[in-house]
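Peer 1: So the chains spell out like this:
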Amino acid sequence: GAVVSQHPSWVICKSGTSVKIECRSLDFQATTMFWYRQFPKQSLMLMATSNEGSKATYEQGVEKDKFLINHASLTLSTLTVTSAHPEDSSFYICSATGFPGEKLFFGSGTQLSVL
Amino acid sequence: QKEVEQDPGPLSVPEGAIVSLNCTYSNSAFQYFMWYRQYSRKGPELLMYTYSSGNKEDGRFTAQVDKSSKYISLFIRDSQPSDSATYLCAMSLNAGGTSYGKLTFGQGTILTVHP
Chain A
1 GAVVSQHPSW VICKSGTSVK IECRSLDFQA TTMFWYRQFP KQSLMLMATS
51 NEGSKATYEQ GVEKDKFLIN HASLTLSTLT VTSAHPEDSS FYICSATGFP
101 GEKLFFGSGT QLSVL
Chain B
1 QKEVEQDPGP LSVPEGAIVS LNCTYSNSAF QYFMWYRQYS RKGPELLMYT
51 YSSGNKEDGR FTAQVDKSSK YISLFIRDSQ PSDSATYLCA MSLNAGGTSY
101 GKLTFGQGTI LTVHP
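Quick note, the sequences are listed as chains A and B, same order. Per our numbering: the first sequence = residues 1 to 115. Per our numbering: the second sequence = residues 1 to 115.
To be clear, the hints were calculated from the coordinates, so they are not data collected in a lab. Treat the hints loosely; a few may be bogus.
[Stated by the list, open to error] To list a few chain A residues with every Cβ distance to chain B over 12 Å, as calculated:
#1 D27
#2 G61
#3 E87
#4 I93
[To be verified] Some chain B residues near chain A, calculated using beta-carbon distances under 7 Å:
#5 R41
#6 G43
#7 P44
#8 R77
#9 G101
#10 K102
#11 F105
#12 Q107
From a predicted model like this one, the values you see are computed outputs, not experimental measurements. Yeah, the Cβ is synthetic: ideal placement off N, Cα and C, and Gly gets one too.
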């Protein structure tokens with residue numbers, strides 16, 4: 001069945017560096033991808049929505065210049081955390097919907113730790 | 001007030017027990033209701049979805065929606081140790097299109113089923 005592949009599963013980086021997270025749809029065309037963030041013992045919070053070939057739409061309070069989202073193809077979206085700081089340490093999860101079927105699938109998540 | 005409220009637990013039950021998980025919500029515009037299961041540091045896995053008031057059953061799982069009370073429930077019958085996970089309720093405004101993937105999650109309830 002259709003799956004969403006997310007990489008890396010975990011990453012540790014130094015403060016001030018940038019980190020890229022990839023989200024790939026397998027066996028389906030992901031017209032829309034969503035990026036969520038989950039802090040420990042808290043719920044998943046939607047950060048942004050991206051449609052293939054368009055600029056991402058960010059939720060209120062999410063810095064678009066800090067969290068760069070690219071969705072240049074129907075199978076790949078990337079989230080780049082620029083100039084990461086310890087407060088950006090979190091679990092980031094992507095999800096995707098598209099065709100055929102228009103079902104929603106989640107990636108396996110990326111644990112980011114910023115030292 | 002959060003849009004979706006969910007008791008974080010933790011909830012500990014013996015094997016074979018009936019588990020009841022609940023969420024309340026404040027936005028009456030929510031139309032589409034889901035329950036997800038999430039294992040530690042993994043992406044959520046869809047268990048049940050429904051878009052109308054009433055009950056929906058799937059094996060040992062029953063989802064219940066009461067739109068008049070803005071209250072949803074998930075019941076797990078004959079609970080097993082393998083059911084131990086975090087259970088998240090989620091809601092969206094629409095059942096299709098981009099809004100489908102814009103989910104508002106509850107905080108999640110940590111469930112442990114002990115042998």
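Peer 1: Would you mind marking each hint as holding or not holding in the structure?
Peer 2: Hint check:
1. D27: The claim stands: A/D27 keeps its Cβ more than 12 Å from every Cβ of chain B (closest is about 17 Å).
2. G61: Nearest chain B Cβ is 14 Å from A/G61, so the label holds.
3. E87: Consistent with the label, A/E87 stays out of reach of chain B, its closest Cβ about 19 Å off (over 12 Å).
4. I93: It is violated; A/I93 is separated from chain B by about 5 Å at its closest Cβ, not greater than 12 Å.
5. R41: holds, 6 Å
6. G43: Status holds, d = 4 Å.
7. P44: holds, 5 Å
8. R77: With a closest approach of 25 Å, the B/R77 hint is violated.
9. G101: With a closest approach of 5 Å, the B/G101 hint holds.
10. K102: holds, 6 Å
11. F105: holds, 4 Å
12. Q107: holds, 5 Å
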